[in-house]
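Student: Can you build the whole structure from these sequences, using the hints too?
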Amino acid sequence: MRIVFFGEALVEINHSTKFSTYGGDIPNIALYLARLGQSRSISVSYATAVGTDKLSLSLLARWQQEKIDTSLVRYFSTKFPDLCYIETDREGMCYRHFWNKDNAARYYFASSSLSPNTSPLEIALHKYHYHAIYISAVSFGLLTEDAKATLLVLLEKFKRKGGKVYFDNRYRAHLWTPQQAKYWICQLLPYIDIAFIDSKDEQQIWGTDEHIIERYSRFNCCELVIKQYSSSNDFSSQCDKLNISSRSSAMSISLIQAVERNQTSIHLADNAFIAGYLAGRISGKSLEHSLKLGKSLTARVLNHPTAVIPAAAMRDMM
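When we follow the working numbering, the leftmost residue of the sequence shown carries the number 118, and every step to the right adds one.
It should be emphasised that the hints constitute simulated quantities derived from the structure, not laboratory data. Possibly wrong hints are sitting among the right ones.
To be verified - Straight-line Cα separation of at most 25 Å, BS3-like style, residue types lysine-lysine; simulated pairs: (1) Lys-281 with Lys-244; (2) Lys-281 with Lys-409; (3) Lys-402 with Lys-412; (4) Lys-412 with Lys-184; (5) Lys-276 with Lys-244; (6) Lys-244 with Lys-184; (7) Lys-317 with Lys-244; (8) Lys-184 with Lys-265; (9) Lys-299 with Lys-281; (10) Lys-244 with Lys-218; (11) Lys-299 with Lys-218; (12) Lys-244 with Lys-299; (13) Lys-299 with Lys-276; (14) Lys-299 with Lys-265; (15) Lys-184 with Lys-218; (16) Lys-265 with Lys-276; (17) Lys-412 with Lys-281; (18) Lys-317 with Lys-184.
What the hints assert, rightly or not - Here are the computed distance ranges between Cβ atoms for each label pair: (19) Tyr-346 with Pro-422: 21 to 27 Å; (20) Ala-178 with Thr-261: 26 to 32 Å; (21) Pro-422 with Asn-337: 39 to 45 Å.
We put the beta carbon where it would ideally sit given N, CA and C, even for glycine.
Tutor: What follows is the structure, given as structure tokens:
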């Protein structure tokens with residue numbers, strides 16, 4: 118099984134360089150899945166754009182060390198990765214500050230003087246070199262309007278050939294407005310096979326989390342994994358109102374409880390869970406097995422002091 122992740126190239130830093138990390142949320146999902154995939158016949162690629170500077174090349178080297186294929190990466194000599202500074206207050210609350218909205222990944226699908234050639238991802242998906250693609254709302258939000266439209270056309274053709282699309286609804290307000298996010302996510306909905314939905318992100322985009330299940334059940338989404346909080350709506354009652362079983366043959370719905378910790382821990386938990394869940398489902402395991410693997414990796418990550426745990430710390434899962 119070959120899967121490609123499309124997203125940003127991001128460098129995260131905080132007050133201590135000890136905790137500087139390469140990648141960001143989407144690359145870290147790819148990293149964990151690449152590790153888990155070694156014994157599950159899962160091959161992971163990452164598609165993004167970077168500069169030609171040392172920091173960009175360090176990002177690539179890090180991914181390559183993790184056995185992530187980087188043949189779909191584009192290089193722009195005048196662009197750079199995104200930068201995120203993580204600030205933590207005395208109460209443990211984390212705040213993310215982003216720089217370089219004009220980062221390299223924004224121009225991945227560009228066909229201009231900056232890069233006149235068709236992107237490697239377009240070529241690869243047209244030739245059906247991959248069985249699945251993972252896209253976050255962040256992946257969509259960072260693109261230009263023309264590039265968003267290009268990606269949608271690409272996904273439509275990919276789906277016709279039997280490709281699978283996996284999606285999460287992470288929302289970053291600095292990338293786009295709720296109105297823009299709503300419009301583009303609605304365009305994306307018909308192509309999604311597995312969706313990972315954070316109810317708080319859904320509230321930021323739609324103003325409520327009351328219609329999550331109805332929204333995704335209208336289309337061909339096969340599996341819906343909803344992260345709920347203590348303040349979330351009762352999603353079981355949403356199923357009842359729509360006459361949908363949480364194990365419906367049309368769409369499987371799984372509810373997981375959010376990690377009630379600081380924001381950084383929440384992101385780490387999300388990345389680990391999604392990678393574990395996908396490793397299970399892609400390798401043909403049951404929903405129950407996949408949920409358990411996702412939760413097990415989440416617990417392992419949260420009990421480790423660094424953003425990305427060493428491979429040795431999860432060797433028994435690999």
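Student: Could you tell me which of the hints above the structure violates, numbers in ascending order?
Tutor: 7, 8, 10, 12, 15 and 18
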